[in-house]
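There are 2 protein chains.
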Amino acid sequence: MNNPMQSHPINLIQILQHAANYHGNVEVVTRRVEDDKISRSNYASIYKRTCKLANALKKLGVQPSKPIGTIAWNTDKHIETWYAIVGQGAICHTINPRLYAEQIKYIINHAKDHIIFIDLTFLDTFTQISEELETVEHVIVMCDQEHMPELSIKQKVHCYETLIGQYNSEFSWTSVEEKTISSLCYTSGTTGNPKGVGYTHRSNMLHAMVATQKDALNIHGEQSILMIVPMFHANSWGLAYAAPMVGAKLVLPGAKLDGVSIYELLSTEQVTYSAAVPTVWNMLLPHLKNNNFTLPDLDEVFVGGSAVPRFMVRTFDIDYDVTIIHAWGMTETSPMGTVCRLLPEMKSLPYEEQLDIRCTQGRPPFGVELKITGEDGEELARDGVAFGNLHIRGPWVVDYYYGQDTPATDQNGWFDTGDIASIDPNGYMKITDRAKDVIKSGGEWISSVDLENAAMAHEAVFLSAVIGVPHPKWEERPLLIVKLVEGQAAIQEEIIEFLSTRVVKWWLPDEVIFVDEIPLTATGKINKLALRNQYIQ
Amino acid sequence: MNNPMQSHPINLIQILQHAANYHGNVEVVTRRVEDDKISRSNYASIYKRTCKLANALKKLGVQPSKPIGTIAWNTDKHIETWYAIVGQGAICHTINPRLYAEQIKYIINHAKDHIIFIDLTFLDTFTQISEELETVEHVIVMCDQEHMPELSIKQKVHCYETLIGQYNSEFSWTSVEEKTISSLCYTSGTTGNPKGVGYTHRSNMLHAMVATQKDALNIHGEQSILMIVPMFHANSWGLAYAAPMVGAKLVLPGAKLDGVSIYELLSTEQVTYSAAVPTVWNMLLPHLKNNNFTLPDLDEVFVGGSAVPRFMVRTFDIDYDVTIIHAWGMTETSPMGTVCRLLPEMKSLPYEEQLDIRCTQGRPPFGVELKITGEDGEELARDGVAFGNLHIRGPWVVDYYYGQDTPATDQNGWFDTGDIASIDPNGYMKITDRAKDVIKSGGEWISSVDLENAAMAHEAVFLSAVIGVPHPKWEERPLLIVKLVEGQAAIQEEIIEFLSTRVVKWWLPDEVIFVDEIPLTATGKINKLALRNQYIQ
Ligand SMILES: Nc1ncnc2c1ncn2[C@@H]1O[C@H](COP(=O)(O)OP(=O)(O)OP(=O)(O)O)[C@@H](O)[C@H]1O
Ligand SMILES: Nc1ncnc2c1ncn2[C@@H]1O[C@H](COP(=O)(O)OP(=O)(O)OP(=O)(O)O)[C@@H](O)[C@H]1O
Ligand SMILES: [Mg+2]
Ligand SMILES: [Mg+2]
Numbered sequence: 004m005n006n007p008m009q010s011h012p013i014n015l016i017q018i019l020q021h022a023a024n025y026h027g028n029v030e031v032v033t034r035r036v037e038d039d040k041i042s043r044s045n046y047a048s049i050y051k052r053t054c055k056l057a058n059a060l061k062k063l064g065v066q067p068s069k070p071i072g073t074i075a076w077n078t079d080k081h082i083e084t085w086y087a088i089v090g091q092g093a094i095c096h097t098i099n100p101r102l103y104a105e106q107i108k109y110i111i112n113h114a115k116d117h118i119i120f121i122d123l124t125f126l127d128t129f130t131q132i133s134e135e136l137e138t139v140e141h142v143i144v145m146c147d148q149e150h151m152p153e154l155s156i157k158q159k160v161h162c163y164e165t166l167i168g169q170y171n172s173e174f175s176w177t178s179v180e181e182k183t184i185s186s187l188c189y190t191s192g193t194t195g196n197p198k199g200v201g202y203t204h205r206s207n208m209l210h211a212m213v214a215t216q217k218d219a220l221n222i223h224g225e226q227s228i229l230m231i232v233p234m235f236h237a238n239s240w241g242l243a244y245a246a247p248m249v250g251a252k253l254v255l256p257g258a259k260l261d262g263v264s265i266y267e268l269l270s271t272e273q274v275t276y277s278a279a280v281p282t283v284w285n286m287l288l289p290h291l292k293n294n295n296f297t298l299p300d301l302d303e304v305f306v307g308g309s310a311v312p313r314f315m316v317r318t319f320d321i322d323y324d325v326t327i328i329h330a331w332g333m334t335e336t337s338p339m340g341t342v343c344r345l346l347p348e349m350k351s352l353p354y355e356e357q358l359d360i361r362c363t364q365g366r367p368p369f370g371v372e373l374k375i376t377g378e379d380g381e382e383l384a385r386d387g388v389a390f391g392n393l394h395i396r397g398p399w400v401v402d403y404y405y406g407q408d409t410p411a412t413d414q415n416g417w418f419d420t421g422d423i424a425s426i427d428p429n430g431y432m433k434i435t436d437r438a439k440d441v442i443k444s445g446g447e448w449i450s451s452v453d454l455e456n457a458a459m460a461h462e463a464v465f466l467s468a469v470i471g472v473p474h475p476k477w478e479e480r481p482l483l484i485v486k487l488v489e490g491q492a493a494i495q496e497e498i499i500e501f502l503s504t505r506v507v508k509w510w511l512p513d514e515v516i517f518v519d520e521i522p523l524t525a526t527g528k529i530n531k532l533a534l535r536n537q538y539i540q
Numbered sequence: 004m005n006n007p008m009q010s011h012p013i014n015l016i017q018i019l020q021h022a023a024n025y026h027g028n029v030e031v032v033t034r035r036v037e038d039d040k041i042s043r044s045n046y047a048s049i050y051k052r053t054c055k056l057a058n059a060l061k062k063l064g065v066q067p068s069k070p071i072g073t074i075a076w077n078t079d080k081h082i083e084t085w086y087a088i089v090g091q092g093a094i095c096h097t098i099n100p101r102l103y104a105e106q107i108k109y110i111i112n113h114a115k116d117h118i119i120f121i122d123l124t125f126l127d128t129f130t131q132i133s134e135e136l137e138t139v140e141h142v143i144v145m146c147d148q149e150h151m152p153e154l155s156i157k158q159k160v161h162c163y164e165t166l167i168g169q170y171n172s173e174f175s176w177t178s179v180e181e182k183t184i185s186s187l188c189y190t191s192g193t194t195g196n197p198k199g200v201g202y203t204h205r206s207n208m209l210h211a212m213v214a215t216q217k218d219a220l221n222i223h224g225e226q227s228i229l230m231i232v233p234m235f236h237a238n239s240w241g242l243a244y245a246a247p248m249v250g251a252k253l254v255l256p257g258a259k260l261d262g263v264s265i266y267e268l269l270s271t272e273q274v275t276y277s278a279a280v281p282t283v284w285n286m287l288l289p290h291l292k293n294n295n296f297t298l299p300d301l302d303e304v305f306v307g308g309s310a311v312p313r314f315m316v317r318t319f320d321i322d323y324d325v326t327i328i329h330a331w332g333m334t335e336t337s338p339m340g341t342v343c344r345l346l347p348e349m350k351s352l353p354y355e356e357q358l359d360i361r362c363t364q365g366r367p368p369f370g371v372e373l374k375i376t377g378e379d380g381e382e383l384a385r386d387g388v389a390f391g392n393l394h395i396r397g398p399w400v401v402d403y404y405y406g407q408d409t410p411a412t413d414q415n416g417w418f419d420t421g422d423i424a425s426i427d428p429n430g431y432m433k434i435t436d437r438a439k440d441v442i443k444s445g446g447e448w449i450s451s452v453d454l455e456n457a458a459m460a461h462e463a464v465f466l467s468a469v470i471g472v473p474h475p476k477w478e479e480r481p482l483l484i485v486k487l488v489e490g491q492a493a494i495q496e497e498i499i500e501f502l503s504t505r506v507v508k509w510w511l512p513d514e515v516i517f518v519d520e521i522p523l524t525a526t527g528k529i530n531k532l533a534l535r536n537q538y539i540q
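Those protein sequences? They're chains A and B, same order as listed.
Note that our numbering has the first sequence beginning at 4, numbered continuously upward.
Note that our numbering has the second sequence beginning at 4, numbered continuously upward.
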């Protein structure tokens, strides 16, 4: 029987075309990387420039399924680059510039990028490794002629604006099979070499459609979205697709993520919605407080990547009337895995009970399946108590790492996240720890995350990290590492005393170490590998 | 290269499974067909009963791609039936019971339904045609044993509750290729024999995902949805998928669509959202007014199928603080084609200008493409003035009518809707007429719809219809047919006088005919074919 419904493939460029046709005047505002000035564009203009760039790339030899790298901040040019690449069936490989030069080199060579788009900020790092890049032929510097630096590297160097200036603003996109890879993102590689996660037109599209749901990311045409989460972190959590899909205004912070710069955009661009890891909000809050600033337009802030601290949810609620939505995901899950929103009946619970729920990682949207398993691989009860290895399944979850022959999933299609979690009867998932960070003491597990959170509640503690150190009798015991709030002092006994009212006795760390800095990973999380290297002999 | 993302097919049963797992306690409330009483179920229970029914159907010989018919109101049992059928890869063929017995017979034989689910209300009609049904082996009456009638028909008769009572509530669904047909709906056949439109798992799923968007149907987990639009009208506009996808409460009105019954559900079930054709709201409004009722919970009402009258939008706004959202679609488009929501900047326009926009049919959501063409097939300008044949393209638009060999689309994939429309620079589409109803006078077109609307603005006019009658000099001239408000009298001259201030002179009808009833089609629209048969000799 013939196809009763039209079934041409869903291709990501359709999103930008729709935005250009139906939301052409909607603004895309960027803090330029070149000079930190604000520049204003809109979807109609972004689309035209995307077409110009597509023509330019065609001339440079773009090929279906061949990766092109970007080392870039969130800007209008990065959006154009992204769509110009995926629109032609090529792969947009967003590279995390916070990785070490060595890792960046590894990733570019592994992916076989033949063109690299790069922001001025990252040229120094790039120059260091450029000699050793095996496949890169062209480097496109994302600025205009005026800001173009002298570069002596072996690759052919282009100026973005000069390049696209030579081409016309129409392009005829050819449709690609929807399971074609559109984008590529490497995990930060805190364990071993980074692994590539490939997204497809289909997976990104389904992810974007569900992301727009009010019960998921809540993206709609009346939002003004400050997209802080970088495009090189798991697709900017899908926002660079979901926002143009419904014509939401996009505000792109470029290279400036400090409190002053972020606040400026929040207030001048009437931002209603934003998304970023907790670290960013930690930088903003003191700035707001010191200046008595308010956030009259901001309504919802989406926070994930690490657990959101309880005080943060409360502070945003009470001091700023802004709702933090906690979410969990991974590079491997596109990243939307769970979103924490209260069910209607929970809104009448006492506030602290609501916070208990809002500090869990939440529930999966339609499309995502979750389960937790014990050491024997059997599924555990969803009772909010049992915790075990968290597995995930769904159309935007990894199946094979990029270029690998063995699946990343088991025979039933489940992907083991490496996280340890519980699930309560309402389906709220709570991350207890990462499998590799959980502390095994006397045959039982201690959650490093719970201990860290308990320590963070002490007013002198700015940041805390807990790692397991080997112990002759107990196998492992927790070590607490603390960075103090500036000007504050605290002694070990006082902190342990404080913890003793918050966790069971056998969880109490035997020692507290005070440090000036706690090392972070390229995705802004506590780098426990570095801590373990330093503190475990 | 291996699939980087999991790519198992999207199957519709996943929606109900998700609802059962994550929104199990969310209510599904039904006005029972058997006795008009209210019965309360929820997604967990609906899912269990769906599994029982799936087991029963398996025993009765359900086969992938074989259609099963339903002649039924919107009820919990109809939802169960729907998912039990599509979940097994079979085709759920929803039959419009308002068609003539002859047409129903034609449709069942044409689709080759082998099982029919039927509500008590429709048994008489069914009995009339049962002898002549060529493929039906089983008839399942949707009630319990207590309400089960004696039936003497050649098919094997089952009682729904007795049948499912014999099976257990677990079922292992096998995944089907996502372009498999899941459902079938025949157009009402106002021109020629009804044509079957087949929906697929993929088309329904994408439609549901986009329907949930705030900018589209706005379906989310805090809604209590009174689903008035029948499941046999283009998939109940996708609501039976979109609501469980996000865990919205569903209120199902069974056989009672009169003002009293609808108001009762609106108020006792704290309904926040509803969807139905204008006729339904026309029945409700006098009831509200006569009783001084208010609608404190209701927020949005989705109206399509025919143009929404301007007074209705205004009345709901001003008297009830309820927002009517006007939409356009067809059986052939699943049906979401356009949705009329104001752009943010339009909300500061004077109210009457807002109404001008809100009475257009609106803009397409992501996924849908529209264009209008002139008589030569060339695309017309989107200037809000030019009007021509409306074409549509997208993943939930028909490609081939059910079982046909020639496509319903042109070589570029466009489907000609049979509607005449204009599109303004912001993308708002306005239906001027149906191609078959537009009146050709002196080489120019007169919109029968605009004339009808102008007449409807007269306080004595309850309903009006305009058809073209042949004219020796002008080719066609408009004839106005009017049903008066009860107790009102109006004379032809007065109405024409009234119209003359509202439409150009050469549009004025030469004659007005007053009638007691204007015939409606099975989908509740003015039956112009019947009028033409009656008034054109
Ligand atoms: N809301 C959250 N609460 C707690 N942990 C979270 C949350 N969101 C994400 N995570 C953690 O982040 C992980 C996913 O992060 P990401 O994909 O950015 O790379 P990474 O896991 O940090 O790096 P790598 O995989 O290279 O070690 C999850 O597996 C989880 O451990
Ligand atoms: N909002 C609206 N305003 C005006 N007309 C509308 C609107 N929504 C739908 N329609 C009309 O309804 C048609 C689609 O209706 P439907 O698919 O229910 O069957 P039908 O066209 O009435 O019947 P048949 O195709 O058998 O003649 C559209 O083509 C359009 O003419
Ligand atoms: Mg990881
Ligand atoms: Mg039609």
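Read the hints as simulated data drawn from the structure, not as lab findings.
Some hints here could point you the wrong way.
Same chains, same label: a pair holds when it works inside one copy or across any pair of copies.
[Said to hold, decoys possible] In silico DSSO-like cross-links for lysine-lysine, where the CA-CA straight-line distance does not exceed 27 Å: (1) Lys350 to Lys217; (2) Lys182 to Lys157; (3) Lys259 to Lys508; (4) Lys51 to Lys374; (5) Lys51 to Lys292; (6) Lys61 to Lys108; (7) Lys374 to Lys55.
Do the hints match the structure? See the list:
1. Proximity of lysine 350 and lysine 217 under a CA criterion of 27 Å is satisfied in both settings, with 16 Å inside one chain copy and 21 Å between copies.
2. With identical chains, the CA atoms of lysine 182 and lysine 157 are never at most 27 Å apart, being 35 Å at best within one copy and 49 Å at best between copies.
3. With identical chains, the CA atoms of lysine 259 and lysine 508 are never at most 27 Å apart, being 44 Å at best within one copy and 64 Å at best between copies.
4. In this assembly of identical chains, the alpha carbons of lysine 51 and lysine 374 lie at most 27 Å apart only when taken from different copies (21 Å versus 45 Å within one copy).
5. In this homomeric assembly, lysine 51 and lysine 292 never come within 27 Å of each other (Cα to Cα): the closest approach is 42 Å inside a single copy and 53 Å across copies.
6. Taking identical chains as interchangeable, the C-alpha atoms of lysine 61 and lysine 108 lie at most 27 Å apart only when both belong to the same chain, with a minimum of 25 Å there against 58 Å between chains.
7. In the homo-oligomer, the alpha carbons of lysine 374 and lysine 55 lie at most 27 Å apart only across protomers (25 Å), although the nearest pairing inside one protomer, at 46 Å, exceeds that limit.
The structure shown violates the earlier hints numbered 2, 3 and 5.
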